[in-house]
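Which chain is which? The protein sequence lines are H and U, in order.
To convert a position in the first sequence, counted from 1, into this note's numbering, add 4.
To convert a position in the second sequence, counted from 1, into this note's numbering, add 43.
Don't read these hints as lab results, they were simulated from the structure.
Be aware that one or more of the hints could be misleading.
Between beta-carbon pairs, the in silico distance windows are [as the list claims (entries may be wrong)]: (1) H:Ala-351 with U:Ala-81: 36 to 44 Å; (2) H:Ala-44 with U:Val-79: 20 to 28 Å; (3) U:Ile-253 with H:Gly-37: 52 to 60 Å; (4) U:Gln-123 with H:Ile-8: 54 to 62 Å; (5) U:Arg-264 with H:His-320: 44 to 52 Å; (6) U:Leu-220 with H:Ser-289: 36 to 44 Å; (7) U:Ile-253 with H:Glu-325: 48 to 56 Å; (8) H:Ala-173 with U:Leu-220: 55 to 63 Å; (9) U:Leu-220 with H:Trp-150: 40 to 48 Å; (10) H:Val-324 with U:Phe-156: 32 to 40 Å; (11) U:Arg-144 with H:Pro-191: 45 to 53 Å; (12) U:Gly-210 with H:Ala-347: 38 to 46 Å; (13) U:Ala-81 with H:Ser-294: 41 to 49 Å.
Covered stretches of chain U (in silico footprint by chain H; criterion: 3 or more residues with CB under 8 Å from a CB of chain H, positions within the stretch not fixed) [stated by the list, open to error]: (14) 105-112; (15) 229-236.
Here are a few chain H residues that sit away from chain U, every Cβ distance over 10 Å (derived from the structure) [to be verified]: (16) Val-14; (17) Thr-21; (18) Leu-36; (19) Ile-41; (20) Ala-47; (21) Asp-95; (22) Asp-153; (23) Pro-191; (24) Gln-233; (25) Arg-234; (26) Lys-267; (27) Lys-271; (28) Gly-286; (29) Leu-333.
Every residue gets a Cβ at the ideal spot worked out from N, C-alpha and C, and that includes glycine.
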Amino acid sequence: MAAIETFYDVIRRQGVTRRSFTKFCSLTAASLGMGPIGAAKIANALETKERTPVIWMHGLECTCCSESFIRSAHPLVKDVVLSMISLDYDDTIMAAAGHQAEAILQETKEKYKGKYILAVEGNPPLNEGGMFCIDGGKPFVEKLKWMADDAMAIIAWGACASWGCVQAAKPNPTQATPIDKVIHDKPIIKVPGCPPIAEVMTGVVTYITTFGRLPELDRQGRPNMFYSQRIHDKCYRRPHFDAGQFVEQWDDESARKGHCLYKMGCKGPTTYNACSTVRWNGGVSFPIQSGHGCIGCSEEGFWDKGPFYERLTNIHQFGVEKNADEIGLAAAGVVGAAVATHAAATAVKRIVSKNNDHSA
Amino acid sequence: MTDISRIDVADSHGEKVVAQPTVYVYEAPVRLWHWVNALAILVLIITGYLIGSPLPTVAGEASQHFVMGYIRFAHFAAGQIMAVGFLLRGYWAFMGNEHSRQIYYVPVWRASFWKELAHEIRWYAFLEKAPMKYVGHNPLAQTAMFVMYTLMSAFMIITGFALYSEGEGADSWEAKLFGWVFYIWPNSQEVHTWHHLGMYVIVTFILIHIYAAVREDIMSRQSIISSMISGERHFKDGA
Numbered sequence: 005m006a007a008i009e010t011f012y013d014v015i016r017r018q019g020v021t022r023r024s025f026t027k028f029c030s031l032t033a034a035s036l037g038m039g040p041i042g043a044a045k046i047a048n049a050l051e052t053k054e055r056t057p058v059i060w061m062h063g064l065e066c067t068c069c070s071e072s073f074i075r076s077a078h079p080l081v082k083d084v085v086l087s088m089i090s091l092d093y094d095d096t097i098m099a100a101a102g103h104q105a106e107a108i109l110q111e112t113k114e115k116y117k118g119k120y121i122l123a124v125e126g127n128p129p130l131n132e133g134g135m136f137c138i139d140g141g142k143p144f145v146e147k148l149k150w151m152a153d154d155a156m157a158i159i160a161w162g163a164c165a166s167w168g169c170v171q172a173a174k175p176n177p178t179q180a181t182p183i184d185k186v187i188h189d190k191p192i193i194k195v196p197g198c199p200p201i202a203e204v205m206t207g208v209v210t211y212i213t214t215f216g217r218l219p220e221l222d223r224q225g226r227p228n229m230f231y232s233q234r235i236h237d238k239c240y241r242r243p244h245f246d247a248g249q250f251v252e253q254w255d256d257e258s259a260r261k262g263h264c265l266y267k268m269g270c271k272g273p274t275t276y277n278a279c280s281t282v283r284w285n286g287g288v289s290f291p292i293q294s295g296h297g298c299i300g301c302s303e304e305g306f307w308d309k310g311p312f313y314e315r316l317t318n319i320h321q322f323g324v325e326k327n328a329d330e331i332g333l334a335a336a337g338v339v340g341a342a343v344a345t346h347a348a349a350t351a352v353k354r355i356v357s358k359n360n361d362h363s364a
Numbered sequence: 044m045t046d047i048s049r050i051d052v053a054d055s056h057g058e059k060v061v062a063q064p065t066v067y068v069y070e071a072p073v074r075l076w077h078w079v080n081a082l083a084i085l086v087l088i089i090t091g092y093l094i095g096s097p098l099p100t101v102a103g104e105a106s107q108h109f110v111m112g113y114i115r116f117a118h119f120a121a122g123q124i125m126a127v128g129f130l131l132r133g134y135w136a137f138m139g140n141e142h143s144r145q146i147y148y149v150p151v152w153r154a155s156f157w158k159e160l161a162h163e164i165r166w167y168a169f170l171e172k173a174p175m176k177y178v179g180h181n182p183l184a185q186t187a188m189f190v191m192y193t194l195m196s197a198f199m200i201i202t203g204f205a206l207y208s209e210g211e212g213a214d215s216w217e218a219k220l221f222g223w224v225f226y227i228w229p230n231s232q233e234v235h236t237w238h239h240l241g242m243y244v245i246v247t248f249i250l251i252h253i254y255a256a257v258r259e260d261i262m263s264r265q266s267i268i269s270s271m272i273s274g275e276r277h278f279k280d281g282a
C-alpha cells in the first residue's frame with residue numbers, strides 16, 4: 005500500500021510553493037485567532053496527517069456561497085483550499101461530469117468511510133418526495149442522506165443549509181428544510197450568511213481538515229470564533245447609536261455624516277456574524293460601511309423578519325402587515341375605550357339605581 | 044376570600060356596632076414591592092418604547108452625547124430591579140399571609156371559584172346588584188393578576204434577560220441562565236418582537252388594573268387604593 009497522502013503532498017503537486025504554503029498557514033492561524041504557535045501547528049498537521057477529503061454538494065441554492073468562497077481575499081488561500089476540495093467532488097467547479105463525477109462519491113464513501121467532510125451548500129426541499137430538487141437523477145434529499153451516512157461531519161454552508169433562507173420563506177412551497185432538520189446523527193456545523201464571508205469559510209474548512217474535529221460551536225451550532233458576537237457589538241458606527249445619532253432618511257445630514265442606521269431597519273443588533281470585523285472583498289467594506297443597514301442574512305428566517313428598512317418587524321398573523329407598536333396600541337386603545345364605556349355605563353347605572361331607590 | 048358580609052358584628056345588646064370592619068390584608072413587603080415595581084414598570088415601558096422607536100437625532104459630536112446609552116441603562120437597571128423584586132415577592136409568597144400567595148395561582152379546582160367568577164363577571168356586566176366582598180382579590184381579579192401580571196412579568200423578565208445576554212456575551216451568566224430562549228426563537232429579532240408585544244399586554248393590564256381599583260373603591264364600598272398604602276381594607280358599609 006502506498007504511503008498516506010497528506011494535504012501538503014496535494015498542495016505541492018498543485019504547484020503551490022513552500023513559501024505560499026507557510027504564508028497560508030500563518031494567515032489562517034491568525035484568522036482563527038490561534039496564537040503564536042498556531043501557524044506551526046497547522047503546517048505540521050497539513051504535512052503529516054492524512055488528507056481529509058471534502059465533498060461539496062449543492063442542493064436548493066443560488067451558488068452565492070461558492071461565489072463568495074472562490075473570491076477569498078487572499079488568492080493563495082483560495083488556491084490552497086480549493087485544491088484541497090475540488091480534488092474530490094464539487095459538481096459546480098469540478099472537471100469531471102456525469103457518471104464519472106458520481107462515481108467519485110461512491111469511491112469516497114468506500115475509501116474514506118467515516119473520514120470525509122460533507123460540505124452542503126443549499127438545502128433539500130422535502131415536499132412532493134423531494135422532487136423540487138433533482139440531482140444526478142434522484143431527489144437531492146436522498147443523495148444528501150446517502151453521503152451523510154459515512155461522513156465524519158457536515159458543514160452547512162450559508163443561510164440555505166443552516167436556516168432555509170429565501171426558498172424557506174413563508175409560505176415555503178417546496179418545504180425547503182435546513183440540513184440539521186434532515187440529518188440528525190452527524191455533527192453539523194452551521195456557517196450561515198447569504199453568502200458567508202469567504203475568510204470565514206476557508207477558516208472553517210482549514211480548521212476541520214487540519215485538526216479533524218469541529219471548532220467550538222455556539223448554541224445554534226455556529227463556530228464561536230466567527231459568530232459569537234453581533235454586527236452591532238463591533239460596528240464602527242456604534243458610538244452614534246449610543247449617542248442617539250441616527251439616520252432618519254436616506255439622504256439626510258445624518259446619512260452623510262455616517263450615523264447609526266438603526267432607525268433605517270439595520271438588523272446589526274440581532275445578527276451574529278463577523279462582517280464588522282473581517283469585512284468583505286479583502287477587508288474593503290461591509291454593508292453598513294457602505295451606508296446600508298444590515299439585513300440580517302445570517303439569521304434564521306431573515307426573509308420573514310422584514311421590512312429590511314424598518315426597526316420593528318411586521319407581524320403577519322393579523323392578516324395585514326402590522327408591527328408590534330401598531331398592534332399593541334390598537335389593543336390598548338380598544339381596552340381603553342372599553343374601560344371608558346364601562347365607566348360611563350357604571351355612572352349611568354348608579355344614577356338610575358339611586359333614583360329608583362329614592363322613588364321606592 | 045372570606046366572605047365578610049356575613050360576619051356578625053352585633054354586640055351583646057343586639058345593637059349594631061358603629062365601627063366599620065377593617066382587615067389587615069397587604070403586609071409591608073407586599074406594599075413596598077407594589078410601588079417599587081410600579082415605578083420600575085413605568086420606567087421600563089417608557090424606555091422600552093424609546094429603544095424600539097428612538098428619539099430624534101441629536102446634533103454634534105458622538106462623544107458629547109449618550110442619549111441612547113442612558114435610555115438603555117435606565118431600561119436595564121429598572122429591569123433588574125423588577126427581576127429582583129419578582130424574586131423577593133416570590134419569597135414573600137411563602138413567608139407572608141394567605142393574601143400574599145393570591146397572585147401566584149388560580150384555584151381552578153374549586154367549584155366555588157367558578158361560581159364566584161361567574162358572579163363577578165355578571166357584576167361587571169351590570170347584571171348583579173351588589174358585588175360580593177372579598178378581603179383579598181375577587182376571583183376575576185385573581186385570574187387577571189395571575190395571567191396578565193405574574194405570567195407576563197415572568198415572560199418579560201426571561202425574554203429581557205435573554206436579550207440583555209446578547210450584549211453581555213455568550214459566556215455571561217445571563218446567557219447561561221436565559222440563553223435557552225434562543226432555542227425557541229433562534230433569531231433574536233423575533234424575541235425583540237415578542238418582548239415588545241409583552242409590553243402592550245402589561246400596558247393593557249395597567250389600564251384595567253387602575254380602572255378596576257378606582258371603580259371597586261367607589262362601587263363595592265370597600266377600600267382598594269388606600270389599602271395598598273396602609274395595608275388595611277375598610278368595608279364602608281359596615282355589616
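A quick look at each hint next to the structure:
no.	hint	result
1	H:Ala-351 with U:Ala-81: 36 to 44 Å	violated (26 Å)
2	H:Ala-44 with U:Val-79: 20 to 28 Å	violated (59 Å)
3	U:Ile-253 with H:Gly-37: 52 to 60 Å	holds (54 Å)
4	U:Gln-123 with H:Ile-8: 54 to 62 Å	holds (58 Å)
5	U:Arg-264 with H:His-320: 44 to 52 Å	holds (48 Å)
6	U:Leu-220 with H:Ser-289: 36 to 44 Å	holds (38 Å)
7	U:Ile-253 with H:Glu-325: 48 to 56 Å	violated (32 Å)
8	H:Ala-173 with U:Leu-220: 55 to 63 Å	violated (33 Å)
9	U:Leu-220 with H:Trp-150: 40 to 48 Å	holds (41 Å)
10	H:Val-324 with U:Phe-156: 32 to 40 Å	holds (39 Å)
11	U:Arg-144 with H:Pro-191: 45 to 53 Å	holds (48 Å)
12	U:Gly-210 with H:Ala-347: 38 to 46 Å	holds (43 Å)
13	U:Ala-81 with H:Ser-294: 41 to 49 Å	holds (46 Å)
14	105-112	holds (count 8)
15	229-236	holds (count 7)
16	Val-14	holds (36 Å)
17	Thr-21	holds (40 Å)
18	Leu-36	holds (17 Å)
19	Ile-41	holds (24 Å)
20	Ala-47	holds (30 Å)
21	Asp-95	holds (30 Å)
22	Asp-153	holds (27 Å)
23	Pro-191	holds (18 Å)
24	Gln-233	violated (8 Å)
25	Arg-234	violated (6 Å)
26	Lys-267	violated (6 Å)
27	Lys-271	violated (6 Å)
28	Gly-286	holds (28 Å)
29	Leu-333	violated (7 Å)
Checked against the numbered hints listed earlier, the structure breaks hints 1, 2, 7, 8, 24, 25, 26, 27 and 29; every other hint is satisfied.
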